[in-house]
Amino acid sequence: MSEKIIMHIDMNAFFASVEQQINPALRGKPIAVIGSNERTVVTTSSYEARAYGVKTGMTKYEARRLCPHIILVPGTTSRYTDTCRRLVEIYQHYTPLVEVYSIDEAFLDITGSLPLFGNTEMIAKKIKMDIRENLGRLTCSIGIAPNKLLAKLGSDMKKPDGLVIIRQKDINKLMEHLPVKELCGIGQQIESHLAALGIKTCGELGRASIQVLKNQFGVMGERLKRMAQGIDESPVIPMEQEPDAKSVGHSMTLDRDESDREVLEHHILQLSEMVGRRLRRGGYLGRTITLTLRYADFSTFTRRSTARIYTNDSIDIYLIAQEIFHALRLRQPVRLAGVSVHNLIRNIAQIPLFRTDKMKQAATRAMDEINDRYGDFCITWGTLIERYHHKGVISPSWKPNGIKCVNPLTNKT
Amino acid sequence: MNLNFVGVDLYRGFNLVTGIVPSSTVKNVLQGVRLEVRDGKAELTSTDLEVLVRYTLPVKDYTGEGGIVLPAVRVNNILREWSGNDEISIMVEGSSCTIKSKGGYFKVVGEDFRQFPEIHANDIKGFVEIDGEVFADMVGKVAHAVSIVRARSTLCGIFIRIDKDDITMAAADGNRLSTIKRKVSNPDGIPMEGIVTVKCLTFLQRFTSECKGALKVGIGESQIRFKGESGEVISQLIDGQYPKYEEVIPKENNKRVEINRDELLSAVRMASFMTNEGYRVVKFVYRKDKLILLSKAMDIGETELEIAANYDGPELEISFNPDYVLDVLKISDNDVVTMELKDANDAAIFKTGYEQLNVIMPVELK
Chain A
1 MSEKIIMHID MNAFFASVEQ QINPALRGKP IAVIGSNERT VVTTSSYEAR
51 AYGVKTGMTK YEARRLCPHI ILVPGTTSRY TDTCRRLVEI YQHYTPLVEV
101 YSIDEAFLDI TGSLPLFGNT EMIAKKIKMD IRENLGRLTC SIGIAPNKLL
151 AKLGSDMKKP DGLVIIRQKD INKLMEHLPV KELCGIGQQI ESHLAALGIK
201 TCGELGRASI QVLKNQFGVM GERLKRMAQG IDESPVIPME QEPDAKSVGH
251 SMTLDRDESD REVLEHHILQ LSEMVGRRLR RGGYLGRTIT LTLRYADFST
301 FTRRSTARIY TNDSIDIYLI AQEIFHALRL RQPVRLAGVS VHNLIRNIAQ
351 IPLFRTDKMK QAATRAMDEI NDRYGDFCIT WGTLIERYHH KGVISPSWKP
401 NGIKCVNPLT NKT
Chain F
1 MNLNFVGVDL YRGFNLVTGI VPSSTVKNVL QGVRLEVRDG KAELTSTDLE
51 VLVRYTLPVK DYTGEGGIVL PAVRVNNILR EWSGNDEISI MVEGSSCTIK
101 SKGGYFKVVG EDFRQFPEIH ANDIKGFVEI DGEVFADMVG KVAHAVSIVR
151 ARSTLCGIFI RIDKDDITMA AADGNRLSTI KRKVSNPDGI PMEGIVTVKC
201 LTFLQRFTSE CKGALKVGIG ESQIRFKGES GEVISQLIDG QYPKYEEVIP
251 KENNKRVEIN RDELLSAVRM ASFMTNEGYR VVKFVYRKDK LILLSKAMDI
301 GETELEIAAN YDGPELEISF NPDYVLDVLK ISDNDVVTME LKDANDAAIF
351 KTGYEQLNVI MPVELK
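Line by line, the protein sequences give chains A and F.
Residues in the first sequence are numbered from 1 upward in steps of one, following the UniProt record's numbering.
Residues in the second sequence are numbered from 1 upward in steps of one, following the UniProt record's numbering.
Treat the hints with care, as some may be off.
[Said to hold, decoys possible] Simulated restraints, written as ranges between beta carbons of each label pair:
| # | chain 1 | residue 1 | chain 2 | residue 2 | range |
| --- | --- | --- | --- | --- | --- |
| 1 | F | E263 | A | R346 | 28 to 38 Å |
| 2 | F | E229 | A | D260 | 54 to 64 Å |
| 3 | A | Q332 | F | E246 | 45 to 55 Å |
| 4 | A | Q361 | F | T56 | 45 to 55 Å |
| 5 | A | G375 | F | E317 | 36 to 46 Å |
| 6 | F | E246 | A | P333 | 47 to 57 Å |
| 7 | F | K244 | A | Q21 | 47 to 57 Å |
| 8 | F | K27 | A | A327 | 17 to 27 Å |
| 9 | A | S259 | F | E50 | 27 to 37 Å |
| 10 | A | D260 | F | K27 | 32 to 42 Å |
[To be verified] The calculated lysine-lysine pairs, modelled on DSBU-like cross-linking and capped at a C-alpha distance of 35 Å, are:
| # | chain 1 | residue 1 | chain 2 | residue 2 |
| --- | --- | --- | --- | --- |
| 11 | F | K244 | A | K358 |
| 12 | F | K283 | A | K360 |
| 13 | F | K212 | F | K351 |
| 14 | F | K288 | A | K358 |
| 15 | A | K246 | A | K169 |
| 16 | A | K246 | F | K283 |
| 17 | A | K358 | F | K255 |
| 18 | F | K342 | A | K358 |
| 19 | F | K164 | F | K183 |
| 20 | F | K41 | F | K60 |
| 21 | F | K199 | F | K164 |
| 22 | F | K27 | F | K255 |
Since the hints were derived computationally from the structure, they do not count as laboratory data.
The beta-carbon is built from N, C-alpha and C at its ideal position, and this holds for glycine as well.
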């Protein structure tokens, strides 16, 4: 099989760069993009803020302590999703094989594009130039390698505005002393398990006994060894070929720990609307609705209910989530609420019988279109008007077609 | 109080009223059947507080009056075993009941019959009369279309309208509608209408098979009452306004197709084999003198089936959920089903018998 050429593009400080591009007053200054509620965390900080040690996941108080003159900017989801869509359009000029990995990362299989555009470096430079011309001062780091694993490693090696090409002949030398945690997919837990086996570098992992690794990690053991050898055969999967989603969910950390059932129901309605909208956008219907509540002590309650028919109607989802909620006695104030829908099928576009249902469908479609165009919750249920500001923060797994397999509690707030 | 029954008579009556007993309830007494002797009649009553059934038992002989609430399922099981016996005796003393027949006896603990809830049908002004079997048949012709979504409570029942000497039933679930019309005897010309729960009406099908003959039907503001020769059923109506279903019956469907019911039923069933839960769609392609059914599902396969059809219009493609089509074909009285169509995204009419009309909405063709 001929060697593939995979490119990984990672937008630098994406949310912060978009904000700095839109508001010139923020350029060159330490800024942090945060969620809109009181207890939010930093989702991205600009490189100027990073110089002070401000990192993603810090509370805004921690960020201010490190950088007293930091400018905190509440995030605007529609700006980021719109920019992501435009970036994908640029990538698609160079290859149809574009896998949107997250809102600010994408893999491109450019193997077949070389005869058209010259060499790999040329394509990378053209993409950087196109981004600058079309989207302004946004920069990206690009890694080019024979596979996705190494391409991602390459883009992480030089930031910001980097370009790293890893060629087949360089792989062994590169991996020999590379710490295992640098590989995408090896987190803290695996790292500490490997350290207990005396393995710290990819070179050591690549030479480790397959039996020892299988005993420790099961089927994952073999994959770890191959990763450490720089081997990854996973293909670039364009959006239209992605497997169907298994679930769609949203969760939000509340402004404060909440015991008021009415307020909690409003949050559940808001979450149901967010989930319903994503189902509709992705062309799905779902049947199993899960309500997740996390109490102040971080203990988590999860219960699900399966409806008799499939739906993507926000109110249907809300009524089922509400039914679960009504049957529940709150043990403590709630700090996080989540609604997700599982058991998904493709929406087959059954035409409704009654005019009122057709009008309701048309109204929902119009609401979705308005919100797509002018921003989330521009138009929403009357009950939610008072809390329209609490939009939550976009999931890092957001994709242009609106759907990705999502664990309801993985969304950052 | 002592009563003697023919085994099969007692079992049939008891088994009938047990059909309405709820399987779980917060009030224990509701899991029982009330047996009461009053004014020379032995009567069984059960209720789930929404539907109440009263049934008069044919009794061989009795002494004394009074009553008891018997545990429904347990006693029904006993009576089933003894249903072939010539005689079953029931002796009631306070809250204890002895059931005796050839070969032994059971002593069963019951409850005070005065604690048993009662539903009174006070707001029903008059009755119309219809043959019980005809009424039960009407229920069977529309029940498949009733909605199962609790959020739309008014569609979770069958709408009954009595207007002059016509009785109409309609059921819809938001994607399809089934209606049927028959004649009633309504000498006073009383107009009535209401939405009746499926539970009540499917029970009534059993009731009419036990209480043969004429059935009196009265609908009030919040209740419906059925009176047969040996019993009655009272039910709460579903509160709310039934959608104006007449408005969704198309008037301008100008493409008419006639197809043999059995052939169509078989073909649609076969086409549905190549669909799955996530994609229940069969495409109907009408061409001169034939109908082609197409279905395809990822990871399953595809099929193309052709049957003869009496059709002489332009080619038309329309897709349906095959379950909807199968449901109406199964209840068809006619050997030949008539379809009236307009276009791919417009409602289709299936005429399946005398005054039986079904509207099925298609799946949008993209």
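Given the hint that F:K27 pairs with F:K255, test it: the Cα-Cα distance must not exceed 35 Å. Violated, because 56 Å separates the two Cα atoms, which is more than 35 Å.
Range hint 36 to 46 Å (beta carbons of A:G375 and F:E317) holds or violated: holds (40 Å)
Has the given pair, F:K212 with F:K351, been kept, meaning a C-alpha gap of at most 35 Å? holds (29 Å)
Does F:K244 pair with A:K358 here, judged by a C-alpha cut-off of 35 Å? holds (14 Å)
Would the hint linking A:K246 and F:K283 be met if the CA-CA limit is 35 Å? holds (27 Å)
Does F:K183 sit within 35 Å of F:K164, going by the straight-line distance between their CA atoms? holds (9 Å)
Consistency of beta-carbon spacing, A:A327 to F:K27, with hint 17 to 27 Å: holds (20 Å)
For the pair we were handed, A:K358 and F:K255, check the Cα-Cα distance against 35 Å. holds (24 Å)
For the pair supplied as a hint, A:K246 and A:K169, is the alpha-carbon distance within the 35 Å limit? violated (40 Å)
Is the distance from the Cβ of A:D260 to the Cβ of F:K27 consistent with 32 to 42 Å? Since A:D260 and F:K27 have Cβ atoms about 34 Å apart, the given range 32 to 42 Å holds.
Between F:E246 and A:P333, does the beta-carbon spacing fit 47 to 57 Å? holds (52 Å)
Can you confirm whether the C-alpha distance between F:K199 and F:K164 stays at or below 35 Å? Distance of about 27 Å is within 35 Å: holds.
The structure fails to meet hints 15 and 22 from the earlier list, while all remaining hints are met.
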